[in-house]
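In this note's numbering, the protein residues as written are 404 to 584.
Quick caveat, the hints were computed from the structure, so don't treat them as lab data.
A hint or two may mislead.
[As the list claims (entries may be wrong)] With a cut-off of at most 27 Å between alpha-carbon atoms, the simulated BS3-like pairs for lysine-lysine come out as follows:
#1 Lys-573 - Lys-538
#2 Lys-543 - Lys-424
#3 Lys-537 - Lys-547
#4 Lys-547 - Lys-573
#5 Lys-424 - Lys-538
[Stated by the list, open to error] Computed beta-carbon distance windows for the label pairs:
#6 Arg-551 - Pro-465: 33 to 39 Å
#7 Ser-544 - Asp-565: 18 to 24 Å
#8 Gly-463 - Leu-494: 17 to 23 Å
#9 Gln-408 - Phe-440: 35 to 41 Å
#10 Ala-579 - Lys-538: 16 to 22 Å
#11 Ala-438 - Asp-532: 19 to 25 Å
#12 Asp-532 - Arg-406: 28 to 34 Å
#13 Asn-421 - Gly-480: 25 to 31 Å
#14 Gly-480 - Lys-537: 28 to 34 Å
#15 Glu-484 - Glu-552: 31 to 37 Å
#16 Glu-552 - Thr-464: 33 to 39 Å
#17 Ser-544 - Pro-580: 29 to 35 Å
#18 Lys-538 - Ala-477: 30 to 36 Å
Glycine residues also receive a C-beta, built at the ideal position from the N, C-alpha and C atoms.
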Amino acid sequence: MTREQALELVERHLNNPNLVKHCLAVEACMRAFAAHFGEDPEPWGLAGLLHDLDYEATIGTPCEHGERTAEMLAGHGLSDEILHAIKAHNLRVDSVSRMDHSLLTIDPASGFIIACALMHPERRLASLDLPFMKKRFKEKSFAKGASREQMEGCARLGLNLDEFLALCLKAMQGIAPGLGL
404 MTREQALELV ERHLNNPNLV KHCLAVEACM RAFAAHFGED PEPWGLAGLL
454 HDLDYEATIG TPCEHGERTA EMLAGHGLSD EILHAIKAHN LRVDSVSRMD
504 HSLLTIDPAS GFIIACALMH PERRLASLDL PFMKKRFKEK SFAKGASREQ
554 MEGCARLGLN LDEFLALCLK AMQGIAPGLG L
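Please put together the full structure from these sequences, using the hints given.
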């Protein structure tokens, strides 16, 4: 599956433009993490782009989230590694590979970083910095849906929280116009 085909699926199955932007942000981060770890960014990017393909369809049945995406993608020629990472990001299966761990930690981080940008006086990703994000990270009432525990799982990737957030931020800054930030 090409990136263009994956994006077409995302745009067909997700009606909420903010959810599409979330998928684009996760894709950018996954590509950056693949490069950081010396991996091929194409499959990592596809895992990030497609990870929430079933989100709107499973909103009432969250236990099916990820599993349904894997079913929807059957026959599209995606590797088992990509499908496993998609299922692991919602804790449907154990997170075992570096791709799994990355998607699991990046998913909440992208939402957290977008929330930080929206809270920043300039409301732009380019204006964000690590001290601003770290201050917000400590505020448990800020972006409550962004699991701090999942993000702190970056230690399983050999990254401390500062390195992890900086890598995500840089990746998202690279696509800021597409995110409207």
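Going through the hints against the structure:
Of the supplied pair hints, the one linking Lys-573 and Lys-538 holds, its CA atoms being roughly 18 Å apart against a limit of 27 Å. A threshold of 27 Å between alpha carbons decides the hint, and for Lys-543 with Lys-424 the separation of about 24 Å falls inside it, so the pair holds. Simply put, Lys-537 and Lys-547 have alpha-carbon atoms about 14 Å apart, close enough for the 27 Å limit, and the pair holds. At most 27 Å may separate the alpha-carbon atoms for a hinted pair to count; Lys-547 and Lys-573 meet this at roughly 23 Å.
Among the hinted pairs, Lys-424 with Lys-538 is consistent with the structure: their alpha-carbon atoms are about 24 Å apart, no more than 27 Å. Between Arg-551 and Pro-465 the CB atoms are about 20 Å apart, so this pair departs from the stated range of 33 to 39 Å. Between Ser-544 and Asp-565 the C-beta distance comes to about 22 Å, which sits within the given range of 18 to 24 Å. Under the hint 17 to 23 Å, the C-beta atoms of Gly-463 and Leu-494, about 18 Å apart, fit the expected range.
Between Gln-408 and Phe-440 the beta carbons are some 25 Å apart, a value that contradicts the proposed interval 35 to 41 Å. For Ala-579 and Lys-538, the hinted distance range of 16 to 22 Å is satisfied, since their beta carbons lie about 21 Å from each other. For the pair Ala-438 and Asp-532, the beta carbons lie near 22 Å from each other, so the given range of 19 to 25 Å is met. Checking the proposed 28 to 34 Å range against Asp-532 and Arg-406 shows it holds: the Cβ atoms sit about 30 Å from each other.
The hint said 25 to 31 Å for the Cβ distance between Asn-421 and Gly-480, and at roughly 29 Å that hint holds. Remark: the range hint 28 to 34 Å for Gly-480 to Lys-537 is contradicted by a beta-carbon distance near 41 Å. At about 24 Å, the beta-carbon gap between Glu-484 and Glu-552 misses the expected band of 31 to 37 Å. A C-beta distance of roughly 23 Å is found between Glu-552 and Thr-464, which places it outside the suggested range of 33 to 39 Å.
Distance hint check: the CB atoms of Ser-544 and Pro-580 are about 30 Å apart, consistent with the given range 29 to 35 Å. A beta carbon spacing of about 44 Å between Lys-538 and Ala-477 contradicts the range 30 to 36 Å that was offered as a hint.
This entry does not satisfy hints 6, 9, 14, 15, 16 and 18, going by the numbered hints stated previously.
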